[in-house]
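Number of protein chains: 2
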Amino acid sequence: MTALTEARKTRLTTALGDAPFDAFLAASPANVDQATGYRSVSGQLFRQHQMAALVTDSGTTLVCPVADSGPAIDAGLHGDDLVCFGRFYFESVDPAAAPTKLVDQHDDVVQAIRTAVQRRLRPGQRIGVDVDGLHGLWPAVQAALPDGIETVDASSWATTVRAVKTSGEIELLAKAAALAEDGIERALAQAKPGVTEQELATEVSHAMVAGGGSPRFVVVTSGERSALADAAPSARQLRHGDLLRFDVGCVVDGYWSDVGRTAVIGEPSAEQTRRYDAILAGEQAQLDWVRPGVSAREMFDVAVRTVEVAGLAPYRRQHCGHGIGSDVYEPPIISPSFDTPLESGMTFCFETPYYQLGWGGMMVEDTVVITDSGYELLTHSDRSLRVVPA
Amino acid sequence: MTALTEARKTRLTTALGDAPFDAFLAASPANVDQATGYRSVSGQLFRQHQMAALVTDSGTTLVCPVADSGPAIDAGLHGDDLVCFGRFYFESVDPAAAPTKLVDQHDDVVQAIRTAVQRRLRPGQRIGVDVDGLHGLWPAVQAALPDGIETVDASSWATTVRAVKTSGEIELLAKAAALAEDGIERALAQAKPGVTEQELATEVSHAMVAGGGSPRFVVVTSGERSALADAAPSARQLRHGDLLRFDVGCVVDGYWSDVGRTAVIGEPSAEQTRRYDAILAGEQAQLDWVRPGVSAREMFDVAVRTVEVAGLAPYRRQHCGHGIGSDVYEPPIISPSFDTPLESGMTFCFETPYYQLGWGGMMVEDTVVITDSGYELLTHSDRSLRVVPA
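Sequence order for the protein chains is A and B. The numbering of the first sequence is numbering that gives the first Met the number 0, which starts it at 0 and goes up by one. The numbering of the second sequence is numbering that gives the first Met the number 0, which starts it at 0 and goes up by one.
Read the hints as simulated data drawn from the structure, not as lab findings. Watch out, some of these pointers could steer you wrong.
The calculated DSSO-like cross-link candidates involving lysine-lysine, where the alpha carbons are at most 30 Å apart (straight line), are [to be verified]:
1) B:K191 with A:K174
2) A:K174 with A:K8
3) B:K174 with A:K191
4) A:K191 with A:K174
5) B:K191 with B:K174
6) A:K8 with A:K100
Just so it is clear, the structure is predicted and the values come from calculations on it, not from any experiment.
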């Protein structure tokens with residue numbers, strides 16, 4: 000088991016000791032990863048892939064398809080701590096080895112969860128359930144639980160536990176952010192009139208791959224397309240005067256990046272400069288304001304108010320940032336809906352995008368870790384409106 | 000609208016004309032893409048991203064988050080054909096433009112689907128529903144439908160419609176397959192003792208990215224790890240005598256590849272050669288046997304029987320291939336559960352993997368399109384047990 004896996008498991012079991020339930024049933028890929036250190040290749044491919052982990056003070060049971068049993072054991076789990084479902088054949092030189100015996104033990108994940116609960120818990124005990132992670136499966140799981148087991152929705156508890164990051168997590172987030180920034184810088188070095196959005200996106204992805212990251216979203220849009228928010232890069236060629244907007248992220252060992260930068264092809268117009276200065280002022284105000292104890296809602300308000308005071312009004316946003324970790328969006332979201340006070344060790348993307356259809360879009364987005372005295376940036380590249388010589 | 004989008008929509012509306020329902024409600028990302036030509040960036044990132052498309056003989060309505068409205072219109076949809084939910088702000092130089100008016104029209108996807116149905120259908124009409132694509136959302140959607148609308152589960156109908164590919168789809172599948180093969184060849188050229196699985200996986204991803212593909216799974220495993228089926232590449236260094244197994248795929252414009260090859264570092268042992276010859280014989284038997292009218296089950300049986308006759312017995316598999324297209328696994332699956340007769344224009348991966356824990360794993364997997372006279376391979380690289388000089 001790696002030091003990171005160990006530290007995350009300790010964080011989770013410590014939190015469980017203070018929780019109003021005896022066990023935690025993790026279901027989202029990120030929550031299962033936290034609980035076990037195992038990330039399924041199939042789980043990253045298939046929306047319908049199902050996995051769960053039951054965390055108790057006596058240990059953790061992974062519930063997974065038989066096909067995941069081989070890699071899960073390789074990742075450090077014990078065969079006795081797996082409850083599998085479905086059909087997949089691993090042969091073995093040791094006929095008594097666990098995975099060969101796991102085939103067809105349970106028809107589906109619901110039955111396997113029931114078995115895991117029966118093994119680990121007794122009537123009268125209570126499980127905190129990652130209901131959000133189970134999606135539509137929750138009614139079936141609830142119906143199948145053994146008699147006498149109580150449940151409570153622990154979806155938000157699970158993400159709260161993950162909000163304050165370990166040092167190993169911060170290192171991975173910093174690495175993922177650096178690869179996204181490296182991609183943007185490489186793309187900017189290639190940008191000029193005639194080059195396409197897709198060609199620049201390829202540069203970004205190459206940089207991520209070269210550093211050991213997996214590209215996950217590479218939004219490179221230009222001209223009027225820069226106003227489209229999350230749109231795929233197209234064959235559109237850059238032209239003089241274009242806005243060029245990057246919103247890109249990759250995953251490194253399960254941890255995400257999400258970085259935004261904006262450039263102009265040639266000298267920026269007065270309007271481009273004025274508007275960018277306003278959104279940059281908004282993001283800078285967040286950095287100037289942030290410290291432990293400030294609420295996510297306040298961070299939203301300071302961003303919106305500053306952008307408007309700086310002359311871009313009305314500035315309408317549903318959020319101005321979000322937590323980031325083993326999910327790209329983690330609570331607290333920097334929005335009016337979250338009164339959560341920020342804590343030292345939490346990691347955020349702060350962002351102030353602006354999208355005007357028919358004109359263009361711009362953004363600046365950076366990653367920070369909250370510290371006792373304020374914050375530390377995990378991104379390091381030039382945050383100004385970048386100028387591509389043309 | 001691209002020619003490919005047009006061809007797919009025609010295929011879908013033609014099939015709808017023969018279906019026992021008046022409209023089709025698509026919900027999985029692949030089915031929505033078929034119906035509309037729109038692929039959401041967020042939809043590829045978030046399991047919980049929700050979208051739907053209602054296809055009728057009078058036109059198609061896309062149900063999507065407001066954040067998707069800008070890129071969807073850019074992709075060729077008309078604003079009047081969108082029903083949106085949630086909050087996201089696009090400003091516009093034209094204040095009357097559609098996306099600026101779409102904010103907060105519906106709280107959630109369920110209410111938006113209800114509105115789409117009300118606009119397109121009248122009481123007494125029947126909808127075929129992509130129930131599988133809706134996952135756990137189906138009960139809520141069903142409860143919210145207007146009175147008098149009948150529904151029928153059309154999940155398998157939807158994938159059947161997509162099974163016979165258009166020429167444009169086959170081109171994209173061929174391109175995606177070529178990028179996967181190029182990645183494997185580049186990695187084989189770098190392979191030697193001391194090189195790590197991760198380093199070779201990076202080579203594979205670079206090749207995919209260079210050709211305009213998005214790497215989706217890059218399973219590069221060696222030595223005993225090659226037996227782990229879908230496992231992430233590790234820092235393990237190649238050693239003399241190792242098996243080296245590739246199972247890799249990328250996406251090109253929404254279409255997948257999935258290619259498998261096996262190598263040995265240095266001269267193969269007699270056992271490695273004997274076993275690989277058996278699985279290659281199994282895959283070759285599939286190619287020799289395949290033609291329109293043969294069932295998926297027969298294709299499974301011929302593979303398993305041939306591997307066993309060739310000396311690798313028992314050869315236990317849950318499947319020996321699968322359809323491939325805008326999902327990496329599409330029905331019919333080459334398994335005992337599918338009696339489906341193969342048709343000209345269907346596209347498949349045929350594969351005969353073998354995993355023995357404690358020894359290693361090997362596979363050969365190729366992509367074919369079924370033709371009137373048999374098949375055409377979309378993969379072209381050497382299928383033999385590859386030898387890496389060491």
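Of the hints given before, which are not true for this structure? none
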